[in-house]
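Chemist: So you can see what is in the structure, the chains are spelled out below.
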Amino acid sequence: MRFWSLVRKELLVLGRDRHGLLVLFVMPAIFILIMSLAMRDTFDRERAVALDYLLLNESAEPIGVRFNEELKRIEGFRPVPAAAGEGREALRRRVADDEVKLALLVPADFGERLRHWNDAEPVPVTLLLSPSAAPQTRLLFELAVSQALRKLRFEHYVLPSLGLLALGQEPLGEATVSGDYVYRDGSARVAPTAVQQSVPAWLVFAMFFVVIPLSTAFLVEREEGTLARLHVMSVSPTALMVAKVVPYYLVNQVQMVLMVAVGMYLVPRLGGDALNAPSSWFGLWLISSATSIAAIGFALLVSTVARSGIEATTLGGVCNIVLGALGGVMVPKFVMPKFMQDLSVLSPMSWGLEGFFDVFLRGSVWREVLPEAGALLLFGAVCLWAASLLFERKPRGVA
Amino acid sequence: MDKAAAGRGFFLIEIERLTKVYARTEHVALRDVSLRIRRGRVFGLLGPNGAGKTTLISILAGLVPKSEGRVLVDGLDLDREPERIKRLIGLVPQHLAFYPTLTVRENLEFYAGILGQRGALRRERIDDCVAVADLGRHLDRRADTLSGGLKRRLNLAIGLLNRPALLFLDEPTVGIDPQSRHFILQSLLALKDAGMTIVYTSHYLEEVRQICDDLAIIDAGRIVAGGTLAELLAADGDTLRFELEEALDEAGQGLLGEMLAAPVRREGAGRFAARVPPEAVERLLNGLRERGLRLRSLHYGSQDLERLYLSLTSTEPRD
Numbered sequence: 036m037r038f039w040s041l042v043r044k045e046l047l048v049l050g051r052d053r054h055g056l057l058v059l060f061v062m063p064a065i066f067i068l069i070m071s072l073a074m075r076d077t078f079d080r081e082r083a084v085a086l087d088y089l090l091l092n093e094s095a096e097p098i099g100v101r102f103n104e105e106l107k108r109i110e111g112f113r114p115v116p117a118a119a120g121e122g123r124e125a126l127r128r129r130v131a132d133d134e135v136k137l138a139l140l141v142p143a144d145f146g147e148r149l150r151h152w153n154d155a156e157p158v159p160v161t162l163l164l165s166p167s168a169a170p171q172t173r174l175l176f177e178l179a180v181s182q183a184l185r186k187l188r189f190e191h192y193v194l195p196s197l198g199l200l201a202l203g204q205e206p207l208g209e210a211t212v213s214g215d216y217v218y219r220d221g222s223a224r225v226a227p228t229a230v231q232q233s234v235p236a237w238l239v240f241a242m243f244f245v246v247i248p249l250s251t252a253f254l255v256e257r258e259e260g261t262l263a264r265l266h267v268m269s270v271s272p273t274a275l276m277v278a279k280v281v282p283y284y285l286v287n288q289v290q291m292v293l294m295v296a297v298g299m300y301l302v303p304r305l306g307g308d309a310l311n312a313p314s315s316w317f318g319l320w321l322i323s324s325a326t327s328i329a330a331i332g333f334a335l336l337v338s339t340v341a342r343s344g345i346e347a348t349t350l351g352g353v354c355n356i357v358l359g360a361l362g363g364v365m366v367p368k369f370v371m372p373k374f375m376q377d378l379s380v381l382s383p384m385s386w387g388l389e390g391f392f393d394v395f396l397r398g399s400v401w402r403e404v405l406p407e408a409g410a411l412l413l414f415g416a417v418c419l420w421a422a423s424l425l426f427e428r429k430p431r432g433v434a
Numbered sequence: 005m006d007k008a009a010a011g012r013g014f015f016l017i018e019i020e021r022l023t024k025v026y027a028r029t030e031h032v033a034l035r036d037v038s039l040r041i042r043r044g045r046v047f048g049l050l051g052p053n054g055a056g057k058t059t060l061i062s063i064l065a066g067l068v069p070k071s072e073g074r075v076l077v078d079g080l081d082l083d084r085e086p087e088r089i090k091r092l093i094g095l096v097p098q099h100l101a102f103y104p105t106l107t108v109r110e111n112l113e114f115y116a117g118i119l120g121q122r123g124a125l126r127r128e129r130i131d132d133c134v135a136v137a138d139l140g141r142h143l144d145r146r147a148d149t150l151s152g153g154l155k156r157r158l159n160l161a162i163g164l165l166n167r168p169a170l171l172f173l174d175e176p177t178v179g180i181d182p183q184s185r186h187f188i189l190q191s192l193l194a195l196k197d198a199g200m201t202i203v204y205t206s207h208y209l210e211e212v213r214q215i216c217d218d219l220a221i222i223d224a225g226r227i228v229a230g231g232t233l234a235e236l237l238a239a240d241g242d243t244l245r246f247e248l249e250e251a252l253d254e255a256g257q258g259l260l261g262e263m264l265a266a267p268v269r270r271e272g273a274g275r276f277a278a279r280v281p282p283e284a285v286e287r288l289l290n291g292l293r294e295r296g297l298r299l300r301s302l303h304y305g306s307q308d309l310e311r312l313y314l315s316l317t318s319t320e321p322r323d
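In order, the protein sequences belong to chains A and B. For any residue, its number in the numbering used here is found by taking its place in the first sequence, counting from 1, and adding 35. For any residue, its number in the numbering used here is found by taking its place in the second sequence, counting from 1, and adding 4.
Quick caveat, the hints were computed from the structure, so don't treat them as lab data. Worth double-checking, as some hints may not be accurate.
[Claimed, not checked] Far from chain A, some chain B residues (derived; all Cβ distances over 10 Å):
1) S62
2) L67
3) E87
4) K90
5) R91
6) I93
7) I118
8) L119
9) T149
10) F187
11) K196
12) A234
13) Q257
14) R295
15) E310
[To be verified] Calculated lysine to any residue pairs in the SDA-like style (CA-CA distance at most 20 Å, straight line):
16) K107/A x L175/A
17) K429/A x P104/B
18) K429/A x H31/B
19) K279/A x E427/A
20) K429/A x E110/B
21) K429/A x L80/B
22) K279/A x V32/B
23) K368/A x P406/A
24) K429/A x L302/B
25) K279/A x V25/B
26) K429/A x T29/B
27) K368/A x V135/A
28) K429/A x G120/B
29) K279/A x H31/B
30) K90/B x L175/A
31) K279/A x T29/B
[Said to hold, decoys possible] One side of the interface only, derived from the structure: several residues of chain A facing chain B at Cβ under 7 Å:
32) R264
33) S271
34) P272
35) T273
Heads up, the beta-carbon is just placed ideally off N, CA and C, and yes, glycines get one too.
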């Protein structure tokens with residue numbers, strides 16, 4: 036009897052714990068929704084959206100045209116012909132800017148060189164890769180293009196040897212695909228690694244998690260009457276809020292330094308790949324500062340909306356996980372379907388992530404992180420403004 | 005109170021027809037409250053939970069805006085000069101309003117810094133407050149490791165850092181042992197002797213009796229009684245309270261009124277009260293005997309503060 040009373044009590048308490056229910060049921064439901072939609076195309080062959088890549092085929096010969104046809108047959112990758120007059124440099128720029136993940140360049144003398152082949156010097160078909168392209172994507176695409184090239188050779192080399200060569204055809208040499216990562220600063224670097232992708236993602240996520248300590252401290256101050264006491268001492272609500280920005284900004288910068296140091300020095304010591312140094316230290320500071328302001332503004336907004344410490348922790352935590360999932364922290368954006376990629380733009384974590392990718396992956400100079408940094412600063416400012424407006428309106432008695 | 009002596013400077017706080025309605029809930033927390041608090045005295049504010057005490061203090065401290073009425077503190081209008089009024093005020097809230105992970109010294113230094121105190125002035129103010137609250141041996145302890153009594157003393161010390169002319173204390177002795185309570189009450193009396201005006205709310209009527217010069221009883225947002233303790237008790241001096249073993253109906257209550265030749269009010273099952281001259285007591289006793297009604301208890305004249313408080317605010321527990 037006593038046991039069932041305990042069970043009943045537990046169910047009643049749990050049933051009335053709105054925050055517990057939110058964490059137990061609503062958060063996983065939202066998470067499942069976002070992650071399922073984000074990864075839909077990764078697992079669904081039927082609905083998979085092909086990855087667009089730029090194709091600049093400078094070969095006007097029949098063999099070049101034939102190669103185009105083979106490229107169109109590759110599943111999962113869709114060639115988008117380069118615009119008229121768009122040369123190699125323009126394509127290189129578009130890939131470096133991450134407009135597209137891949138670009139394939141076929142030289143004008145493709146057919147000529149294939150016909151006068153030399154085993155020691157295979158004809159190069161150049162693949163340009165954005166540093167944010169996944170290694171698996173590169174591998175798959177290189178394999179598919181190589182297969183297309185082998186098919187051409189089969190038609191022109193193996194068949195003749197069997198006496199099956201069609202009239203007018205002649206044997207062809209070997210061509211290879213050589214992939215190059217393209218960086219904004221034009222530098223030649225090693226290929227980006229997992230650590231290059233994961234450090235920015237988890238750094239942004241960690242920075243936004245200041246919402247937990249900040250809102251908890253803020254709510255304790257409010258509940259325990261400390262804020263009322265400070266108010267009687269003529270401390271304005273705005274001053275109270277702005278004073279919280281400075282220490283948490285420093286905390287975020289320490290996080291950034293520590294996580295970059297872990298990526299650069301600790302991970303390689305443990306056998307992993309090292310994080311490459313950012314292309315611009317000033318750009319790194321800029322995007323890190325802007326992400327921090329956005330995270331702190333958001334945390335202060337949560338602190339003023341929430342009515343208790345537990346509510347702030349739950350709300351802040353759930354919002355962060357949702358924004359992270361949506362913003363490409365947990366699943367890279369390029370594997371998401373198009374509409375999810377469009378939606379991810381709504382998450383400030385996505386802006387921060389793009390900014391960090393700029394300096395860690397794309398070899399950007401500081402000016403190139405300004406759009407993301409500006410958006411984050413604007414978001415942070417709007418959050419701060421809304422938080423101080425709400426805070427002004429909160430009742431603040433002595434108890 | 006000595007109304008003849010009323011005038012500019014005699015009262016530190018003057019409240020006229022103060023009303024507070026919380027907009028969101030439309031709850032009327034204070035209704036037409038008028039009050040004057042003498043300078044250099046301890047003023048006790050009594051009332052059950054939800055009576056409006058905290059709202060009143062919050063308005064006086066500039067934390068909550070009033071809906072209607074006028075408040076003067078040291079002659080300054082709360083509407084026009086709230087910041088100057090705040091400089092006169094020290095607040096000791098019911099909650100322990102300090103940072104538990106900081107030490108006693110760090111807490112005091114933080115609040116002194118907030119008050120703009122620097123250098124020698126800061127040291128002097130902190131030393132004074134430490135002496136008043138006797139915290140000298142605990143300065144380097146984290147606040148969350150202090151005993152309940154020490155925490156209350158730190159809460160008090162912080163409220164004194166700006167040497168306020170007016171100190172608000174909202175139930176400052178909740179949950180502490182008699183020794184600590186005694187220490188705090190003695191400290192408050194010493195502060196009063198030094199000229200400080202203290203507004204004190206508490207549910208401990210014995211404390212109020214011990215340290216308050218004047219008091220007001222507030223219930224459902226209204227002041228139901230006010231004055232010095234002696235005045236309040238004397239005003240109730242001609243009240244006869246008695247309890248019968250039988251619970252009478254309305255007719256029976258009317259009969260009691262006839263015996264006493266005065267209106268009788270019911271204060272509970274079988275309990276009645278009436279304001280009558282002393283000779284009415286004998287009439288009541290004779291009347292009850294003739295009608296075979298048995299008396300359980302009888303009290304005539306001024307009573308203690310607790311009985312007065314309960315009679316004015318009723319014995320029903322508050323939600």
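Chemist: Which hint numbers does the structure go against, in order from smallest to largest?
Modeler: 1, 2, 3, 4, 5, 6, 7, 8, 17, 20, 21, 22, 24, 25, 28, 29, 30, 31, 33, 34 and 35
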